[in-house]
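Protein chains: 2
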Amino acid sequence: MLEWFNKKGPEGEIVLSTRIRLARNINEYPFPVRLDAKQKEQVCEKIKEAMLNSNSCIAKDFQYLKMDTLSNAQAIAMAEHHLISPEFATNTQSRGLLINKDSSVSIMLCEEDHIRLQVMKSGFDLDSAYELADKIDTLLDNSLHFAFDEKLGYLTQCPTNLGTGMRASVMLHLPALTKCGQINSLATTISKLGLTIRGAYGEGTQPQGDIYQLSNQVSLGISEKAAIDNLKSITKQVIAQEEKLREQMKNDDEVIDKIWRSLGILKNARILNTAEFMELISFVRMGICLGIVDFDIETINTLISQMQPATINANLEKALTPKERDLYRAEKVRQAFN
Amino acid sequence: MLEWFNKKGPEGEIVLSTRIRLARNINEYPFPVRLDAKQKEQVCEKIKEAMLNSNSCIAKDFQYLKMDTLSNAQAIAMAEHHLISPEFATNTQSRGLLINKDSSVSIMLCEEDHIRLQVMKSGFDLDSAYELADKIDTLLDNSLHFAFDEKLGYLTQCPTNLGTGMRASVMLHLPALTKCGQINSLATTISKLGLTIRGAYGEGTQPQGDIYQLSNQVSLGISEKAAIDNLKSITKQVIAQEEKLREQMKNDDEVIDKIWRSLGILKNARILNTAEFMELISFVRMGICLGIVDFDIETINTLISQMQPATINANLEKALTPKERDLYRAEKVRQAFN
Numbered sequence: 002m003l004e005w006f007n008k009k010g011p012e013g014e015i016v017l018s019t020r021i022r023l024a025r026n027i028n029e030y031p032f033p034v035r036l037d038a039k040q041k042e043q044v045c046e047k048i049k050e051a052m053l054n055s056n057s058c059i060a061k062d063f064q065y066l067k068m069d070t071l072s073n074a075q076a077i078a079m080a081e082h083h084l085i086s087p088e089f090a091t092n093t094q095s096r097g098l099l100i101n102k103d104s105s106v107s108i109m110l111c112e113e114d115h116i117r118l119q120v121m122k123s124g125f126d127l128d129s130a131y132e133l134a135d136k137i138d139t140l141l142d143n144s145l146h147f148a149f150d151e152k153l154g155y156l157t158q159c160p161t162n163l164g165t166g167m168r169a170s171v172m173l174h175l176p177a178l179t180k181c182g183q184i185n186s187l188a189t190t191i192s193k194l195g196l197t198i199r200g201a202y203g204e205g206t207q208p209q210g211d212i213y214q215l216s217n218q219v220s221l222g223i224s225e226k227a228a229i230d231n232l233k234s235i236t237k238q239v240i241a242q243e244e245k246l247r248e249q250m251k252n253d254d255e256v257i258d259k260i261w262r263s264l265g266i267l268k269n270a271r272i273l274n275t276a277e278f279m280e281l282i283s284f285v286r287m288g289i290c291l292g293i294v295d296f297d298i299e300t301i302n303t304l305i306s307q308m309q310p311a312t313i314n315a316n317l318e319k320a321l322t323p324k325e326r327d328l329y330r331a332e333k334v335r336q337a338f339n
Numbered sequence: 002m003l004e005w006f007n008k009k010g011p012e013g014e015i016v017l018s019t020r021i022r023l024a025r026n027i028n029e030y031p032f033p034v035r036l037d038a039k040q041k042e043q044v045c046e047k048i049k050e051a052m053l054n055s056n057s058c059i060a061k062d063f064q065y066l067k068m069d070t071l072s073n074a075q076a077i078a079m080a081e082h083h084l085i086s087p088e089f090a091t092n093t094q095s096r097g098l099l100i101n102k103d104s105s106v107s108i109m110l111c112e113e114d115h116i117r118l119q120v121m122k123s124g125f126d127l128d129s130a131y132e133l134a135d136k137i138d139t140l141l142d143n144s145l146h147f148a149f150d151e152k153l154g155y156l157t158q159c160p161t162n163l164g165t166g167m168r169a170s171v172m173l174h175l176p177a178l179t180k181c182g183q184i185n186s187l188a189t190t191i192s193k194l195g196l197t198i199r200g201a202y203g204e205g206t207q208p209q210g211d212i213y214q215l216s217n218q219v220s221l222g223i224s225e226k227a228a229i230d231n232l233k234s235i236t237k238q239v240i241a242q243e244e245k246l247r248e249q250m251k252n253d254d255e256v257i258d259k260i261w262r263s264l265g266i267l268k269n270a271r272i273l274n275t276a277e278f279m280e281l282i283s284f285v286r287m288g289i290c291l292g293i294v295d296f297d298i299e300t301i302n303t304l305i306s307q308m309q310p311a312t313i314n315a316n317l318e319k320a321l322t323p324k325e326r327d328l329y330r331a332e333k334v335r336q337a338f339n
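So the protein sequences, as listed, match chains A and B.
Using the working numbering, the first residue of the first sequence is number 2, and each one after it goes up by one.
Using the working numbering, the first residue of the second sequence is number 2, and each one after it goes up by one.
No lab work stands behind these hints, which were simulated from the structure alone.
There could be a bad hint or two in this list.
Copies of the same chain look alike in the list, so a pair counts if it fits in one copy or across any two.
Simulated pairs of lysine-lysine, DSSO-like, Cα-Cα distance not exceeding 30 Å [said to hold, decoys possible]:
no.	residue 1	residue 2
1	Lys-251	Lys-319
2	Lys-39	Lys-49
3	Lys-9	Lys-237
4	Lys-251	Lys-324
5	Lys-237	Lys-268
6	Lys-245	Lys-324
7	Lys-333	Lys-268
8	Lys-180	Lys-268
Could you put together the complete structure from these sequences and hints?
Take a look at the structure:
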């Protein structure tokens, strides 16, 4: 189901996935914040029809979900997989989601903007992610007519999205940069270049699993291509730094020890909370990339997505207590490794 | 070589070993503290001959070591195995050791007293340890004539050893009492009964591996039999308490988790210092006794004795740095478990 996340794509040892997000609004309606429930439902219905009634073969792959028909766990699980925003998962009233079969394309309806279109790809694959996003954008624009200003570009509720309405991002596994304490200075440098990097897991707490989201912040006065090229070139530099540090760590007894211990605990623990699981799996994932541990990296990716707390509850269709969940997680992780 | 330690004897899940120690002095010489180097060597020679020239079949099994011919690591390794006192290991000048083939009997010459005879047995076996100690005592007394006073009993340098000159002790593995924080109150109770309990590993620091030495403190005004019976009955009570707590812990998810994690780390770590090794092996040893982990307890005992720092150096005939030793320990432990 989450092939775009689990599969090892280009540069997959460091880049877990690529995402293109476009914010769009329909000309004839105010932004969602100005709509009442009924109007929002009209907007959702309109966009849903534009997609599902189109003759495009892309559209055949989509289904429509009214967000308030999902359980709380199902909605939060989607946010854990970065398919929707955490805010969209908690406020589901009068909102809809168009999602394709493998969850690589999701379209939030009546989030901050009428349309938040996301395309995800395995590994480092900005061009093909943008290409697909652009196709769907064109498809929808044909029947919906997006709010567009000659000077400002696409109009969005938040001015930070004006212009292209695009955020391009890559999800990076950066254990070496994190363990060496270089993440903070990297974040400072990156912010000067108009990009931002932040933890992709563990909202509001410490980044978990050394997994980060690197994204462009500027959408005004820059073309999509320029923004993507910029992100591409900085990502390549981050990859190079991470690779260099990993290479140095390869012969560090203490790092090797931590990798093996992490594997030993994952293979044997009977209780595993999310934060510890993410810390251990990060070491093991790096160990695989360094050729220290022989294990399948796609299974690791799958565990990272499947062992998140709400995803566990959603898959079991049952609200486990945190203790029950930690026991369940440990059991599933043992099964995967043994 | 250390069969008395490694082998699982009576009550071997909790009692690692039993020891009887007798302090004796030869009538015609002052205590060692009053002897010069030459006189000490005479005393050593005299006792050595009394043993090796006797016609007893017990004696055939002994060899004599001049302590100053041992390397520092060899001497400290003997102290780690409780064959000699730590003080005897560091001041080796003009001192000798009679030791039998399996190291179950050791006789320190010119330690605090002329003779410190120790008999060790696997598990909980006070009677047979005392029986053998008594035989060797008689054998030596026949030719050496021990300092003995009708009122005070055997004369010893330190008045706390007057009387029987005997210390009887058992080495106990008490993980459950330790984890539950009951060791300190147990120690207080025990001291009121004329016994003492202290860590058997990790001199001067925290007790390591939850292994303790329980011994009688009173040697004056009490017969050997009464002292042994007293120790025996208190040991049985301690065993019962430990067993009861272990039984309670058996179904505790957190304890089970700790046991499995400990095994996972021992099987995988690349660096293991003594303190951590002892902590982990203690959990695994308890896990075996509780039927949670399936592994040979005698291999665990052997690891405990063989993975002590000086023992590693002595076996390799090489002084490793602490870092090298921790790498070596981790490797040997992995081999034992995999």
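With 30 Å as the alpha-carbon cut-off, assign the pair Lys-180 and Lys-268 to within, between, both or neither. Both ways: Lys-180 and Lys-268 sit 23 Å apart in one copy and 24 Å across, limit 30 Å.
Between the shortest in-copy and the shortest cross-copy C-alpha distance, which are at most 30 Å for Lys-237 and Lys-268: within, between, both, or neither? neither (34 Å within a copy, 38 Å between copies)
Using 30 Å as the alpha carbon limit, work out where Lys-39 and Lys-49 are close: within a copy, between copies, both or neither. within (15 Å within a copy, 104 Å between copies)
30 Å Cα cut-off: does Lys-9 pair with Lys-237 within a copy, between copies, both or neither? Answer is within; shortest intra-copy Cα gap is 17 Å, inter-copy 60 Å.
Could you place Lys-251 and Lys-324 in one of the four classes (within, between, both, neither) given a Cα distance threshold of 30 Å? Answer is between; shortest inter-copy Cα gap is 18 Å, intra-copy 36 Å.
Within, between, both or neither: how does the pair Lys-245, Lys-324 come out at a Cα-Cα threshold of 30 Å? Only across copies: Lys-245 and Lys-324 sit 26 Å apart there, 39 Å inside one copy, limit 30 Å.
Given identical chains, is Lys-251 near Lys-319, meaning Cα to Cα at most 30 Å, within a copy, between copies, both, or neither? between (42 Å within a copy, 28 Å between copies)
Taking 30 Å as the upper bound on the Cα-Cα distance, should Lys-333 and Lys-268 be classified as within, between, both, or neither? both (10 Å within a copy, 20 Å between copies)
The structure fails hint 5 only (numbered hints given earlier).
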